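Undergrad: Next come the chains, spelled out residue by residue.
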Amino acid sequence: MKIFVCVKQVPDAKDVRLDPKTNTLAREGVQSIMNPYDRHALEEAVRLKEQHGGTVTVISMGPPQAEATLREAISCGADEMALVSDRAFAGADTWATTYTLSMAIKKLGGADLIICGKQAIDGDTAQVGPGLAERMGMPYLTCVRKVVSVAGQVIRLERMMDDGYDLVEAELPMLFTVVKEINEPRIPSLKGKMKAKKQELVMLSAADIGADPDLLGLKGSPTQVVNVFPPEMRGERCLLEGTADEQVAQLATKLEAIL
Amino acid sequence: MLKIDLDTCIGCGVCEANCAFAAITMEDGQPVVNEKCTLCGSCVDNCEVDAMVIERETKVNQVDLVAWSGVWVFAEYRNGRITPVTMELLGAGRGLADTRGVKLAAVLFGSELGDTAKDLVAHGADTVYVADDPAFAHFTDDAYGNVLTDLIREHQPEIVLAGATAIGRSVIPRVATILGAGLTADCTDLAIRKEDGALLQTRPAFGGNIMATIVCPDTRPQMATVRPLVMTPRAADDTRQGEIITVTPLAMRMQSRVKVIESVIAESEQANITESEIVVAGGRGLDGEKGFQLVKDLADAMGGAVGASRAAVDSGWVGYPHQVGQTGKTVAPKLYVAAGISGAIQHVIGMQSAETIVAINKDPHAPIFDVATYGLVGDVFEILPKLTAKLNERKG
Chain B
250 MKIFVCVKQV PDAKDVRLDP KTNTLAREGV QSIMNPYDRH ALEEAVRLKE QHGGTVTVIS
310 MGPPQAEATL REAISCGADE MALVSDRAFA GADTWATTYT LSMAIKKLGG ADLIICGKQA
370 IDGDTAQVGP GLAERMGMPY LTCVRKVVSV AGQVIRLERM MDDGYDLVEA ELPMLFTVVK
430 EINEPRIPSL KGKMKAKKQE LVMLSAADIG ADPDLLGLKG SPTQVVNVFP PEMRGERCLL
490 EGTADEQVAQ LATKLEAIL
Chain R
12 MLKIDLDTCI GCGVCEANCA FAAITMEDGQ PVVNEKCTLC GSCVDNCEVD AMVIERETKV
72 NQVDLVAWSG VWVFAEYRNG RITPVTMELL GAGRGLADTR GVKLAAVLFG SELGDTAKDL
132 VAHGADTVYV ADDPAFAHFT DDAYGNVLTD LIREHQPEIV LAGATAIGRS VIPRVATILG
192 AGLTADCTDL AIRKEDGALL QTRPAFGGNI MATIVCPDTR PQMATVRPLV MTPRAADDTR
252 QGEIITVTPL AMRMQSRVKV IESVIAESEQ ANITESEIVV AGGRGLDGEK GFQLVKDLAD
312 AMGGAVGASR AAVDSGWVGY PHQVGQTGKT VAPKLYVAAG ISGAIQHVIG MQSAETIVAI
372 NKDPHAPIFD VATYGLVGDV FEILPKLTAK LNERKG
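So the sequences go chain by chain: B and R. For the first sequence, our numbering begins at 250 and goes up steadily by one. For the second sequence, our numbering begins at 12 and goes up steadily by one.
Chain R side only, calculated, beta carbon under 7 Å to chain B, not exhaustive:
(1) 222
(2) 227
(3) 397
Only part of the chain B face toward chain R is listed, based on derived beta-carbon distances under 7 Å:
(4) 340
(5) 370
(6) 414
(7) 415
(8) 478
(9) 480
(10) 489
(11) 496
(12) 501
What the hints contain is simulated information worked out from the structure, not anything from laboratory work. All values reported here derive from a predicted model rather than from experimental measurement. Ideal placement from N, C-alpha and C gives every residue a C-beta, glycine not left out.
Okay, chain B solo, but in the shape it has when bound:
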């Protein structure tokens, strides 16, 4: 089974915020990390490989620095890695991103199974998985919490719904996205770390993947960001005063109308 895992290098979202006064981004000390959901996607791919054989290739579209994230993925059990990187990709929204990733995966010989994290924590769109599947002509399932079985080409999965879950069946080749509940990602092994140091990185440019330049980056993106601003706060900040007993009594009175 040839498995591809899409990974993204992201800023650690909890550290990213806009300064409300200057509307600039406070980025001191913001670390670049592997998108947390992608760790679970990678872990599931490695487990499937261990049980059913095959290879796991991690692929990322991003700047050259994303190599670090790919090497980390190798240390956690991936076999091969490819970085799709080109200035022409700048400004890509999910539509252009899925086009780029699909062209790269096709260039690398295609996949039997593609696993993605549910969403990336910087954009939070959850759109790349479904969009990539469509471009690959594959069926897909989002928010998978459990791989129930793999028998030949038939895979059974549980996908989370808002009111429970669905047990579903699909045939390979297919794509699914995972939620964190699916597994507990392993920490890199010593052997993995050694491999990560030596593993050859496959670099792919826009020309390498045979992409139509009109469909890349900003030019190929139907959406455009026109404004970025900090979220508004309610700004009420009414603190009750006194001892615990006094505060509780005041609150109980104020809540009478509601309860």
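Place chain R on chain B using the hints.
TA: Frame of chain B, contents of chain R only:
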């Protein structure tokens, strides 16, 4: 491409300071753009001497914008009922359609739909396209996506809205990909731009730390999924008249490569906290399962549901269905009590629409107090039992 006119540039470094992506560095007093640039345009906006410009080339797939008209809502029907977000979308869609002077339509797929279409008219739809077929009994991305794509191609609406639900966030990206349409995920605000009638789609990014407004200048339809419990539904008006159009899709368009074997509805233990009028939530400050019990006790006394911050869920004190926030659920109850929750933006984004917010925290500087209607500074282990006792006493 981002172009910098170095003759005009005064080397002030404002662009470097404003870049959200660390894509500009000042070298020898001149800005140099690296590959992290996403062409977001914040440097262009902030440049005081207009030395920067983003050149957008004309799109190949540009469509005739005028040919596309009307606002559509994807009506989500599951397990014998219409989801509440559908009515919220109709409320928001009605406003957009009126501003644009166009019709509002709903698209309804399902099996044994009964009078659901009439309900959609009562909540604001002018037209409802209904496909009632056993093939839609279970949700599949193929059947729902194919038929929705076909209808959009045939009728060419300018805007298509869907709920940012498990179903909406799964199928709508497929439809947008096929149509080559722009799609914005999980919007919390929608408006029409006066100058050109474009849909302004605002959504949180970076886990809610930043809000971004997005447009789709060259493609149609403009597609958005919308976060539940943010938009306001209109009261049902049973006298409203609307057109209900039955759609009969080709059988091959309703085939799915994925088979749903079983749909399991979660038990009542996983009570849907999004539907409760009172939510009592606990966080890291409860310090353990035992401490979290105090939150459950207060919820019982108030007749409310139990919520939790991600910290409490990650620690295993309470299950994931109770999680409120960016990676959990969004709630908008009449009363939200946050106990031992510091108020990280990722949590606040999931509960700030509550009518009344009570915060209990020992740290007077905790950000949760910035959104609280009433703040109690003190020890949760002292205050929670006292409040529970006080409420039980008043009840009794």
